[in-house]
Amino acid sequence: MAKKLSMSNGIEQNNKLGRSYWNKMLTVFLFLLIPTVLLVIFTYIPAANMIGYSFEERDQFGVNVTFVGLKNYKTVFTTPEYFAAFKNSLYYLAGSFIQLALALFLATILCSKIRFSNFFKGVLFFPYMINTVAVALIFRRFFQKGDGVTNTDGTLNSIIALFGGEPIKFLSTEGLVNICLVFVSIWRYIGFDLVMFIGAIQSVSPDIYEAAELDGANRFQVFKYIIAPSIRPIILLQMILAVKGAISVYEIPFIITGGRIGSSTFVIQTTETAFKFQKVGLASAMAVVLFLIIVVVTIIQKLVFKEEK
Amino acid sequence: MNTKFKKAAAMIAALAMTGTVFTACSSGNDDGAASDDTTASAAGDTTSAAADDGAGDTGSASGLSGTIKVLHHRTDRDQDGTMTKLTEGFNAIYPDVKVEYQSFTNYADDIATMMQSDSYGDVVMTPQALKQSDLPNFFASFGSYDELSPKYYWLENYSVDGQVYALPTGGTASGILYNKKVWADAGITELPKTTAEFIECLGKIRDNTEAIPYYTNYNAGWTIVQWQSLVVGASGDPSYINQRLLTDKEDLFSAGSPYDAVYGTMFDIYADPTLHEEDPMTTDWEGCKPAMAQGKIGTMVMGSWAISQFQEAATQVGADPADIGYMPFPNSIDGKIYSVSSNDYMMSANKNSANLDAAKAYVEWFCSDSGFAQNEGEISGLKGAPMPETLSSFDELGVELFVEAPTPENLIGKFDDIAKTSEVDPWGDASTNFKFRMAEAAFDGKGREEYDNICADVNSRWNATRDEILG
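Those protein sequences? They're chains A and B, same order as listed.
Letter by letter, the first sequence follows residues 1 to 309 of our numbering.
Letter by letter, the second sequence follows residues 1 to 471 of our numbering.
Fair warning: there could be bad hints in the mix.
To be verified - Simulated crosslink set (DSS-like; lysine-lysine; CA at most 30 Å straight-line):
1. K420(B) x K71(A)
2. K69(B) x K85(B)
3. K74(A) x K446(B)
4. K87(A) x K446(B)
5. K74(A) x K414(B)
6. K420(B) x K87(A)
7. K74(A) x K336(B)
8. K169(A) x K414(B)
9. K414(B) x K71(A)
10. K98(B) x K180(B)
11. K169(A) x K204(B)
12. K71(A) x K204(B)
Stated by the list, open to error - Listed next, the stretches of chain A that the computed footprint assigns to chain B, with coverage defined by at least 3 CB atoms under 8 Å from CB atoms of chain B:
13. 52-64
14. 171-181
Claimed, not checked - Label-pair restraints from in silico Cβ distances:
15. G371(B) x F120(A): 57 to 67 Å
16. F120(A) x G318(B): 41 to 51 Å
17. G445(B) x I240(A): 40 to 50 Å
18. F126(A) x A322(B): 41 to 51 Å
19. E200(B) x I130(A): 40 to 50 Å
20. P408(B) x Q301(A): 24 to 34 Å
21. D395(B) x F126(A): 53 to 63 Å
22. N453(B) x I160(A): 26 to 36 Å
23. E250(B) x T271(A): 28 to 38 Å
24. N91(B) x M25(A): 53 to 63 Å
25. G384(B) x Y250(A): 46 to 56 Å
26. G148(A) x G445(B): 42 to 52 Å
27. G445(B) x G164(A): 55 to 65 Å
Calculated from the structure, these hints are not laboratory results.
Where a beta carbon is used, it is the ideal one built from N, C-alpha and C, also for glycine.
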C-alpha cells in the first residue's frame, strides 16, 4: 500500500518534472539561441569558409576563384621567410613568462592586508581597458627620440637625459624595437593576469591562511605551500594563453611599427599576404597552419603538465 | 507557460513584421526605379510614395529619380559639409534624385569587403586593388572608350573590351613638396636639375638653416610609396612600363634605370642621418603639416594632392600658404625634366544599383561639372581644363607633364599581376617591401653594398615571375 502510494506519487512527480523539464529546456534554449546564432554566424561560418578558401586561389574580391588543392599549404611550408617571423615570437614568449611571474608576485602582495590594495588593483588593471591605438600613441611618444625641431625627446629619453645618458632611438633600432614592444605588451596585458590570479587566490578559504599564521608560517611559505598549489590550474591556463599569445602576436607591433624594423610577426605577414598581395587563399592557408600549430602546442603542454601531476 | 508561448509568438510576429518592412523597403526602391518608364500607380507600397511623386513630376528635365548612395574615402569632406554642398549643384540639374553619402576611414579594405555582396552603394570610388579585367563584374559601363577618351584623362586602366567602367574624379602630378622660404634661406636660388644637385641642396639646408632638410615621415608607412610615383616621371617615357619593362623586359634596377635613379636617391638621403629627422619610427603625419608650413621641415616627397592639405595647415597655424612649393623630381633626361600625372580615385556606378541611371548621371556630373578637383587643387580629369595653380612652378621650369600611354590589350593587368605574385609590389607598403628594406638598411648605415643586394634580389624575383606570367 505504502509502496503503491509512493509509486503514484512518483508518476505525478514525473509528470510535474516533465513539464518543468520542458519549461526549463525552453528557457535554456531561448537564452542560448542568440549567443549561439552569433557564434555560428561570426565565428564558425567564417572559420569554415576560411578553411575552404585555403584550398583555393582567390583575391580580396572573390572573383575568378580556382580550386588548387594543397598548393597553398605547399607554398607556406616551402617559404622559409614565413617561418622566420616566428623568431620574434621568442621575444614575446620570454616576455609573457616575465609577465606571469610579475603578475603572480603582485597578486600575492595585493591579496595580503595592505593599504589601498583596491586602488592599486585598479591602477594595474587600467591599461587592459585602454584601446590599443591609444596605447600605441602613448608609447610612440614614450620611446621617442626628439630632433629638437619638430619634436622633443620622449618620456624615457628625458629620464635618461636627466641621469646624463645619451638618448636612444628605441623604436628605430633593430632588436631593441622588439624588446620595447614586449614591454608595451606586458604593460598592457598584465592587468588581465593579475585579475585572474587575484580571483584564484581569494577563492582559497581564509581559514587556511589563519591556520598558517597561527603556526607561524612566513609569507614565502604561505605562497609556496598554500597559494601556489591552490591556484595551479589558473597558472597552467595562463601559461597556455601566454604561449598562444606569443605565437599569434599582432596588434601591438602592427599598430606601433607596422611590422617594420624587423618586428614583423606571423600574423602580420598573414594579413599582408591577404590584403597587400591579394592572396586570400594563401593567407587562409597560413591562418590554418597557425591554428594547427597552436592546437599542437596546447596539446603538448597539457600532456607535459599531466605527467607532472 | 502560456504566457511564455504568447511572448514567443509575439516575438516571432515582430520578427516577421520586421522582415516585411525590409522587403517593403527594397520593393519600394525597385518600384521607384521601375516607375521611370512604367505607370507610377503600379507601386502600391507607401514607402515608395516619395519616388512616385518624383516620377510623376514630368517637369524635371531629366526624369531621373530615386535615392542613390555614394560610398567614398573623404571622411574630412563629409565632416566639413563639402559633400552635402556638392549635392545642391547636382540637384539643380536632377532635382528628384536624393543623394546620400557614406565615407570610410579605411575605405580600400571596407569597400573590398562590401563588394563580396551585391550591395555596395550605388556610386563608389573605384577600388584600386580591383583587377582591371574584373571591372565589368561590378560596375556599369559609361560608354565606349573611343567616345569618352577625347573628354577624359586616365581611362586606359579602367576600360575593358573598349568599354569604360570608371571616370576620373581628379588627378595628381608626381614631385616633391618643399618650403620655399627654407630653400631660399639656405641660399638656394635655382631649383635642382639633377639628383646629385638635389642632395647638395639638402646639405645646404642642413648647413644654413635650423630646418630638417628632408622629412621621411617613415612611421606612417604609406609615405614611402610616394617615391614610387616618381619612377615613371623619372623615365620621361610614357610607355616605360608597357614597352621597356613588359615588352623589352628590362630589369627594374640597373645603373641609371628610372627605379635606380629614384630609389638610389632615396637611399642616399636616408643613409645620411644629418639630412633627415632623428627617429624615423616616431614621426607623425598630422604633425608634419604645420611643421613644414612653419619652416621646420624643408622637403618631402609627396604627390601634388598633398599641396592643398599643407596649405590648409599653413593657414591654420598662421604661416604663409604661399611658402608651400612643389617641384618635379630632378632627374634630367637630355636636359629636360619630366613628371607624370596620374589619376586619383576614379568613380564607378554599381551595376546592381536599383537607380543605375541616376547613379551614372551622378558620376558623370561629379567628374565633369562638380568642380571637386579644382577645389582640391587637383588636376581636372577633363582634357583641356586649366592646370591648378599649385603646379605653377612646373610651367616656370618648363617641366613636361605627360600621361602614361594606354596599355595594349595583351598586357592589361600584367604589371599588377607580376607585382603581387612576385611580392615585389612596387606600389605596396607591406612590411617586407623592398622600399622598407632599403630604408632600414640606410638607417642602419649598411651602405651601398646592401642597396645593391636588395636590388639584385628584387630583380631576380621580378624577372622570374615576369617570365612565368608573360612567357
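Quick rundown of the hints versus the structure:
Proximity of K420(B) to K71(A) is assessed by CA-CA distance (about 17 Å); at most 30 Å being required, the pair is judged to hold. Taking the CA atoms of K69(B) and K85(B), the gap is about 15 Å. The hint holds against a cut of 30 Å. In summary, the hint linking K74(A) to K446(B) is not supported, as the alpha carbons are separated by about 34 Å, beyond the 30 Å threshold. Straight-line distance between C-alpha atoms of K87(A) and K446(B) comes to about 22 Å, which keeps the hinted pair within the 30 Å bound.
Only pairs whose Cα atoms come within 30 Å are accepted, and K74(A) paired with K414(B) is accepted, the gap being roughly 25 Å. Note on K420(B) and K87(A): the hinted pairing holds, with a Cα-Cα distance of about 25 Å set against a maximum of 30 Å. Annotation: proposed proximity of K74(A) to K336(B) is violated, straight-line Cα distance about 50 Å (limit 30 Å). For the suggested pair K169(A) and K414(B), the alpha carbons sit about 41 Å apart, so the restraint of at most 30 Å is broken.
Restraint check for K414(B) and K71(A): the C-alpha separation of about 22 Å stays at or below 30 Å, so the hint holds. For a cut-off of 30 Å, the pair hint linking K98(B) to K180(B) is broken: about 45 Å separates their Cα positions. Restraint check for K169(A) and K204(B): satisfied, since their Cα atoms lie roughly 25 Å apart, inside the 30 Å limit. A C-alpha spacing of about 55 Å is found between K71(A) and K204(B), which places the hinted pair above 30 Å, so the restraint is violated.
Only residues whose C-beta sits within less than 8 Å of a C-beta in chain B count toward coverage, and the segment 52-64 of chain A has 6 of them, enough to reach three; the restraint holds. A count of 4 residues in the segment 171-181 of chain A with a Cβ less than 8 Å from any Cβ of chain B is obtained; the coverage claim is therefore met, three being the minimum. At roughly 60 Å, the beta carbons of G371(B) and F120(A) sit within the given window of 57 to 67 Å. For the hinted restraint 41 to 51 Å between F120(A) and G318(B), the CB-CB distance of approximately 46 Å keeps it satisfied.
Remark: the range hint 40 to 50 Å for G445(B) to I240(A) is upheld by a beta-carbon distance near 42 Å. Range check, F126(A) to A322(B): Cβ separation about 48 Å, and the 41 to 51 Å hint holds. Between E200(B) and I130(A), the C-beta spacing of about 47 Å keeps the proposed range 40 to 50 Å intact. Separated by about 58 Å at the C-beta atoms, P408(B) and Q301(A) break the suggested range of 24 to 34 Å.
Checked against the hint of 53 to 63 Å, the pair D395(B) and F126(A) passes, with Cβ atoms roughly 58 Å apart. Between N453(B) and I160(A) the CB atoms are about 34 Å apart, so this pair conforms to the stated range of 26 to 36 Å. For the pair E250(B) and T271(A), the beta carbons lie near 33 Å from each other, so the given range of 28 to 38 Å is met. Between N91(B) and M25(A) the beta carbons are some 58 Å apart, a value that agrees with the proposed interval 53 to 63 Å.
Taking 46 to 56 Å as the suggested C-beta distance range, the pair G384(B) and Y250(A) conforms, at roughly 50 Å. One distance hint, 42 to 52 Å for the beta-carbon pair G148(A) and G445(B), is violated here, with the actual separation near 21 Å. In this structure, G445(B) and G164(A) break the distance hint of 55 to 65 Å, their C-beta atoms being roughly 25 Å apart.
In this structure, the hints that do not hold are numbers 3, 7, 8, 10, 12, 20, 26 and 27, in rising order.
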